[in-house]
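> Residue numbers (the working numbering), protein chains in the order written: chain D, -13 to 406; chain B, 200 to 446.
Since the hints were made in silico from the structure, they are not lab data.
Ideal placement from N, C-alpha and C gives every residue a C-beta, glycine not left out.
Heads up, simulated DMTMM-like pairs for lysine to aspartate or glutamate below, C-alpha to C-alpha not over 25 Å straight-line: (1) Lys242(D) - Glu199(D); (2) Lys363(B) - Glu263(B); (3) Lys242(D) - Asp219(B); (4) Lys224(D) - Glu263(B); (5) Lys207(B) - Glu297(D); (6) Lys241(B) - Asp255(B); (7) Lys293(B) - Glu280(D); (8) Lys333(B) - Glu238(B); (9) Lys256(B) - Asp267(B); (10) Lys242(D) - Glu280(B); (11) Lys224(D) - Asp267(B); (12) Lys333(B) - Asp252(B); (13) Lys333(B) - Glu308(D); (14) Lys363(B) - Glu202(D); (15) Lys329(B) - Glu297(D); (16) Lys330(B) - Glu308(D); (17) Lys360(B) - Glu294(D); (18) Lys290(D) - Glu263(B); (19) Lys329(B) - Glu308(D); (20) Lys204(B) - Glu297(D); (21) Lys298(B) - Glu287(D); (22) Lys225(B) - Glu410(B); (23) Lys360(B) - Glu297(D); (24) Lys210(D) - Glu274(B); (25) Lys242(D) - Asp255(B); (26) Lys256(B) - Glu307(D).
Across the chosen pairs, the derived CB separations fall in these ranges: (27) Glu280(B) - Leu211(D): 19 to 25 Å; (28) Lys330(B) - Ile233(D): 42 to 48 Å; (29) Ser238(D) - Asp288(B): 35 to 41 Å; (30) Ser238(D) - Lys281(B): 22 to 28 Å; (31) Leu211(D) - Lys281(B): 18 to 24 Å; (32) Glu366(B) - Gly212(D): 31 to 37 Å; (33) Glu364(B) - Gly221(D): 26 to 32 Å; (34) Arg305(D) - Arg218(B): 29 to 35 Å; (35) Thr218(D) - Glu410(B): 47 to 53 Å.
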Amino acid sequence: MPKLSMEAKPALSIQRSSASQLGTFGTSDLQFSSQQLEGRHPRQPPFISQSTSSGKSVILPYSVGSEALQSSASSDCNNQNNESWCTDSLPEFLDFPATVQSCPLDGSDSGIISIQSEDFSKQNDWQDWADQIIIDNEDLTSDLNELLADANVAEPEQKVLTQMSQDLINYSIHQPHASQQLSVTPGETCATAGQSPSSNAAPAKQRMRWTPELHEAFVEAVNKLGGSERATPKGVLKLMRVEGLTIYHVKSHLQKYRTARYKPESGEESSEKKLATIEELPSLDLKTGIEITEALRLQMEVQKRLHEQLEIQRNLQLRIEEQGRYLQMMIEKQYKPGTDLLKGVSSTNDRPSKELTDAPPNSPPHEALTLEANNSKARGDSTNLAATSSETSRPVAENPDSNDAGMAESPPSKRTKVDE
Amino acid sequence: MKFGKRLKQQIEQSLPGWRDYFLSYKELKKLLRLISSAESGKAEAEFVYFLNDEIDKFNSFFMEQEEDFIIHHKELRQRIEKVMENGSDQKDYKEELAKIRKDIVNFHGEMVLLMNYSNINYTGLAKILKKYDKRTGGVLRLPFIQKVLEQPFFTTDLISKLIKECENTLDSVFPPSESAVGTLRGEKEALALAGEGIYRNTVAALLTMQEMRRGSSTLSHFSLPPLKFPDSDIIHTLQILPPIQIP
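So that you can see chain B by itself, here it is in the shape it has in the complex (with noise of 0.2 Å):
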């Protein structure tokens, strides 16, 4: 129940073209409560065709945002050899530099969130698949959850480089100033001029995990251990409540 609605919460902060792309949980759940073993296992099968056409999805949507990325990556790349090359117009220059800047901030943010994605659904997965061997007695999860693994929307592995390579990036182009991450005056209006959509859907990612990771009703001697990070009350605090919608 909880998950469903953290992950119901995190849909809705999440970028708009990529809402229907998580993973459905609660129609998976009642596709459990259908299940009942006086039947003949057509529930059964149903809730694992749903499962694998909901991997299917995954798999597309991430590997679609996945090659948009690869392609950005080496278009900013490109930007800013070329900005570099022509470092004699400084008005230009200047401008296209923070439009560079903005962009690289903004392409990392996405990433991150497809990570978060693939994250959150691998999540949601892993505890359907709970439910369902509780629910039959079955040996469901285990061999599915290792395919899982295997899924192209699970092995992040070369998002999280382009990542590292944009933190480089901006790090070299950009140097890092001295101010600490403390000052938050002025930056909150001022955050709304920077990718919003990103940054409140990075915050409520942040803020969604700290607190599934949480103890919770069930919190026991397995469950996973708590996140820590130093500030997060900042991170609350920087949580940019959603606009009123104007119907």
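Only chain D is shown next, with the shape it has when bound in the complex (with noise of 0.2 Å):
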């Protein structure tokens, strides 16, 4: 089993682990994808989410007949760790099984494996209503009720497609080793944690991301070797210390740095263009002089406003995001077979179990959000995504008592908060 560093990690730390592992993470106490894997030994999760914290991880709703997919998968996939995003987990990929019920790896078109139907309708509707909730851009697809109606329309076919993808992204979505910030405090070596031990695997390949700090301690090196005509990368790469940098990373920024400081003025392209045009006129008057600095100021006016906008909307759309992920969860949580909602347990009251059962497949999602968010252990769950969606999460639970007024309280709640 591949090893899961959980601690924060400030770069990537997604681990490569075998493909499409279903399984909490976290110290989330979702129990959604474990039930599904009982009986089977525990598996590692794919990936790490970024908020450690919270635990809050991303829970891979594809689980079922999977299983035996991933089983026979894991050996194969599990080797390598330290490839940039993509490019080498091609061919593994193509050995994915075919069949769930056959379980060597089929070497040709990866393929249709068939799941449940009834699990798959579920998590369609619900990804479906969950899309809806999401706060997103023009092409959001239109209201509940169109939701409702591609809701009713049962599709138990191949959401195998999703299953591969899944696997495809698990396998593939990966090596933070490829861009890792090293902080660097002068005398000192280390690492940001997160890094998998074969970090060395391929270091040629390995993309490194630069901080002000690594680069600070690189000027320093350099001068200490007597500028940078006369420092060496082999001279740079001892002197820094750093753990994780290669002499491929010190070469290439050893030749940027040199580009950078035989030509200030030609930082990066643009520049170049209209300072030929400048230095054309033979002089500035002082007319041209304001008119220069008076363009200057409104071109930084222009810029800061792009620059406050793209961080609005950045932020925005971590949000949307953030919400998705609760929202994923939650359902999630409607769907765990078993234990605590259809057995009664005490924290529920049987309301919930009942319409869960007797409920057709097409409405659950609704009710099962307001019925969820009822329940003690959801909200305790929540409770740190329900400190920053808490516009959301409120007027969810505090309906306790008719599923359609709650289900009809969040879209206006986002509704408002939307609009201002």
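Given two chains presented individually in distinct reference frames, assemble the corresponding complex, making use of the accompanying hints.
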């Protein structure tokens, strides 16, 4: 089993484990996937979520029939740990088994895995629904009614493909080693955590993510060695003593550094072009000088504005996805087979369990969320996220009485939030 | 469809060396059309591979630029220090300072454009993933986008920090003048001397952003709120028309 490091890391820290392993990870007590893994050995999660502190990790919803697939696949794709984002995973992926039953890996076109239709229709539903709730850009599909209509069309078929896609994600989304941020304090060597042990596997391929601190250390080393012309990559590397830094990194960085030093005005391309234009002007009289100043100021204004808007947009996007995660988690808990809900554990009341079992496949997502929200356990789980997305969770949690009211509540609350 | 068009516009307006590194949105849509439920899943696989390759591309480009920016940032700092020290030589001093000022502004602009690059690619990814899920009934989007959020090209904190530092440096070295944004007379011509490529791209980016978030046919309660900034009209007038290409 690949080891899973759970410490918080600034850089990417996705462990490349076997394909699409289900399993909760982090400290989350969501039992969804592990329920289905009953009888099998517990899986390591395929990747580490960004917010390790909260433990609200992404649960991969495709479970059920794919187990056989994974157990056979795991042995194969466990090996490599250290490539760039994608490229090397191709051959291995194609070896994934074609069917659930046939464990040995099928060489050819990885195929169709028949998965129990019921689960997928449910998953389809809540995914659609979650998408609805998620604030998104222009081409967001319309409203809940439409969604319900979609949900009614149960498609038991090839969600396979998504299973496969999931495999691909897990398989190829990886390799933070490709982009480590090494924090360097003078005299010390320390690499930020989260590096898989086999990080030295392909040093030439790894991409270094430079930071100002690292660059400072670099400059210091270069100066000690007599300047950018005299310093050698090997010498600099030795002096810097930064773990994980290779000579290739230093070499390319040194090259950039030298170029920047000797052509200070031509930092990046466009400056070059316009610099020539300015220097062609024989004399800069005061008027033109002022005009240029004004022009620069205006340019600056526009740039600042764009920056501001980008920051806002980025934060919005982050929040949207956060809510998406939260919703998914809520919904998955709802579909947790067995124990809590169906058996009517003390933390739940009778209503939810009954309605869960009785409800037709189409409507559960809607009722489920409100019911689930009433569940104290859910509230306990979601405290972290609730804090950040409190506007959304609050209305849901505060409508214990009628499902419809609860359901109707959450979109409006989002509506008002969005509209302001 | 709309996004594809906007993306194309953005790319056209962007800095020349950047044009190959944006999201191949159209390609991805084509791949998407090849996906059918009858098939073995090959098209899906291809799609995801392509996506991963794209992300690789973003990351490489982004980190490359970022590295350049870090180096350049330090260089500017050193230049400023040097010029400040030799305050005596008046003539050169003024010219040097003017150059530095222009460089800072352009540098600032490029960094902001890199952030824009990051954002527009992210947006495109989010959209295409949504389309994928819609088409396949799959659940690729959510986990995939979670990973994207952690990617280097999207974690732009450092660049943002450098941008702010630039602004501070500029304010301290070149105290802000009194005139407001309103005076456009003569500035447009003067702008031709300034970093036109950067400027044009920046304005285009702002406008694109605004338009993408304006009410569209699919605007619903759940869309991002429209952009509001006060002198958006002025931004429109600042658009520099692309030069006529002489074949």
